[in-house]
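Those protein sequences? They're chains A and B, same order as listed. The working numbering puts the first residue of the first sequence at 122, with every later residue one more than the last. The working numbering puts the first residue of the second sequence at 122, with every later residue one more than the last.
It is possible that part of the hints are untrue.
Since the list can't tell identical chains apart, any single copy or any two copies may satisfy a pair.
[What the hints assert, rightly or not] Only pairs whose alpha carbons sit at most 20 Å apart, straight line, appear in this in silico DMTMM-like list of lysine to aspartate or glutamate:
no., residue 1, residue 2
1, Lys318, Asp167
2, Lys318, Glu368
3, Lys318, Asp179
4, Lys318, Asp255
5, Lys318, Asp374
6, Lys318, Glu155
7, Lys318, Glu159
8, Lys318, Asp391
9, Lys318, Asp206
10, Lys318, Glu198
11, Lys318, Glu267
12, Lys318, Asp263
13, Lys318, Glu161
14, Lys318, Asp381
15, Lys318, Asp181
16, Lys318, Asp376
No lab work stands behind these hints, which were simulated from the structure alone.
Protein chains: 2
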Amino acid sequence: MINLAIVGPGLLGGSIALAARHRYRVALWARRAEAVTELEAAGIGDRASTDLRSVVADADLVVLCVPVGAMPALAREVAAAARGDALVTDVGSVKAPLCEQLGAILGGRFVGSHPMAGSEQTGLAAARADLFADAVTIVTPDARTELSATAAISGFWTALGCRVLQLSPGEHDEIVALVSHLPHLLAATLVNTVAAKNAQAFDFCGPGFRDTTRVAGGPPAMWAEILGTNRDAVGRAVEALIENLREIVRLLDRDRPMTDFLTLAKAQRDRLRLPKTPHA
Amino acid sequence: MINLAIVGPGLLGGSIALAARHRYRVALWARRAEAVTELEAAGIGDRASTDLRSVVADADLVVLCVPVGAMPALAREVAAAARGDALVTDVGSVKAPLCEQLGAILGGRFVGSHPMAGSEQTGLAAARADLFADAVTIVTPDARTELSATAAISGFWTALGCRVLQLSPGEHDEIVALVSHLPHLLAATLVNTVAAKNAQAFDFCGPGFRDTTRVAGGPPAMWAEILGTNRDAVGRAVEALIENLREIVRLLDRDRPMTDFLTLAKAQRDRLRLPKTPHA
Numbered sequence: 122m123i124n125l126a127i128v129g130p131g132l133l134g135g136s137i138a139l140a141a142r143h144r145y146r147v148a149l150w151a152r153r154a155e156a157v158t159e160l161e162a163a164g165i166g167d168r169a170s171t172d173l174r175s176v177v178a179d180a181d182l183v184v185l186c187v188p189v190g191a192m193p194a195l196a197r198e199v200a201a202a203a204r205g206d207a208l209v210t211d212v213g214s215v216k217a218p219l220c221e222q223l224g225a226i227l228g229g230r231f232v233g234s235h236p237m238a239g240s241e242q243t244g245l246a247a248a249r250a251d252l253f254a255d256a257v258t259i260v261t262p263d264a265r266t267e268l269s270a271t272a273a274i275s276g277f278w279t280a281l282g283c284r285v286l287q288l289s290p291g292e293h294d295e296i297v298a299l300v301s302h303l304p305h306l307l308a309a310t311l312v313n314t315v316a317a318k319n320a321q322a323f324d325f326c327g328p329g330f331r332d333t334t335r336v337a338g339g340p341p342a343m344w345a346e347i348l349g350t351n352r353d354a355v356g357r358a359v360e361a362l363i364e365n366l367r368e369i370v371r372l373l374d375r376d377r378p379m380t381d382f383l384t385l386a387k388a389q390r391d392r393l394r395l396p397k398t399p400h401a
Numbered sequence: 122m123i124n125l126a127i128v129g130p131g132l133l134g135g136s137i138a139l140a141a142r143h144r145y146r147v148a149l150w151a152r153r154a155e156a157v158t159e160l161e162a163a164g165i166g167d168r169a170s171t172d173l174r175s176v177v178a179d180a181d182l183v184v185l186c187v188p189v190g191a192m193p194a195l196a197r198e199v200a201a202a203a204r205g206d207a208l209v210t211d212v213g214s215v216k217a218p219l220c221e222q223l224g225a226i227l228g229g230r231f232v233g234s235h236p237m238a239g240s241e242q243t244g245l246a247a248a249r250a251d252l253f254a255d256a257v258t259i260v261t262p263d264a265r266t267e268l269s270a271t272a273a274i275s276g277f278w279t280a281l282g283c284r285v286l287q288l289s290p291g292e293h294d295e296i297v298a299l300v301s302h303l304p305h306l307l308a309a310t311l312v313n314t315v316a317a318k319n320a321q322a323f324d325f326c327g328p329g330f331r332d333t334t335r336v337a338g339g340p341p342a343m344w345a346e347i348l349g350t351n352r353d354a355v356g357r358a359v360e361a362l363i364e365n366l367r368e369i370v371r372l373l374d375r376d377r378p379m380t381d382f383l384t385l386a387k388a389q390r391d392r393l394r395l396p397k398t399p400h401a
């Protein structure tokens, strides 16, 4: 059986452990002893420890599941403690700067991953074995990455139920700026705009407002870090959106062009691949 | 039993008929004979007809469930055909201009309503008896409205399962510009911005993007009409949002203020009253 080491038992790390059981021997590292106790009480993974060295020493595959800013320091410890042929990946939401840093530390056996799963909930308590069912995971090799590492990591995510797609780290960051970071910033800005204009308005929300703003319930510090790390692409995405908003406001009194604009949006929205399982 | 006449058997009209059965004797008017056949086949309402006069003649309560632009002409027919003491309401998403028009036609027995229910789906096939369960309905009397009409119409929506709130037509339009019309325009603009910047990005959507853009799947012509009818308030809401977006983009490289901004949004989002039943 393949030895899997998961570094960081949050929503993603915990869900990977649940999805990987029966197929992998799963060891988890947590920074806090309370988290280890929680993992053991929940029966998640085959073993858990605060000692990173013991968790990764015999690992065939190490998955870094900590916030983006905490990755490099842990990657250095993994590089020192793991076998030289252990493959390493991460689940960070921004890839270009991170893959550069982690690749420099870990070499060709590292390849970046971004499972596009999760919810506004966080922490081990929200972990689910089916979090990755039908989710997209983007794998982001660069010039340094060994082909065999890309193949093995892609196979790992496929085994967990993901659809695996491949992009360069830079392409990844441009695309998630559009489909993840921009929507997050928009949702938060929408909530704060309504609050500033008329806080009473929250009493009149329908399901549309709730869905449009759901992601704004996500963890603030984590998202501030993600947005900051991808600031250039996010900034460009926001500028493009503002430009389009300015144009569309001019169509408010022109029924036909506005209908055309909404028809185009509907056609593209209707083509989105919908998940087989409803995600929270 | 109270005689209820529903003018227009779409998602809202059909759902009202389903929610009101057993409690009201329900007659429905549809413009097309095929829609009458569909109503009869589905067993929705006690009777259905394309003859507006026969549908509203004995009504105690008439609910106009047609697009905003079609309301005044039908209201004139209702005024001519219904009893003088029949109460009339509508389900339009914009209230100030509509209540002015309909009040002029129908007098003090008219009071505007806006049930904040529905989904991106449309038509009778999407109608559900529980569409109004725990939904907010805003009732919008003005100076012309008789108090007894407001009370009776509020009671009607309460009987259907709604939480009823009251606003003036103008307050209503300001508030729904923020919590309904702005989110709709944003969702459509987000979809079209992504399409223009990088259509490949749609292949990488997670549940966040799907939820944030769900309302963009709504009927384009209906929404163009709603947005145009409420253009002043929508324009102000968009301007406020753009201003806030411009400010927040400047915080992308400042972790602490961005975290504060997202924390404020999360706190407000987390306080939103969530529905008892998941709405589509």
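Please name the hints from earlier in the document that this structure breaks, with their numbers sorted from lowest to highest. 1, 3, 4, 5, 6, 7, 9, 10, 11, 12, 13, 15, 16
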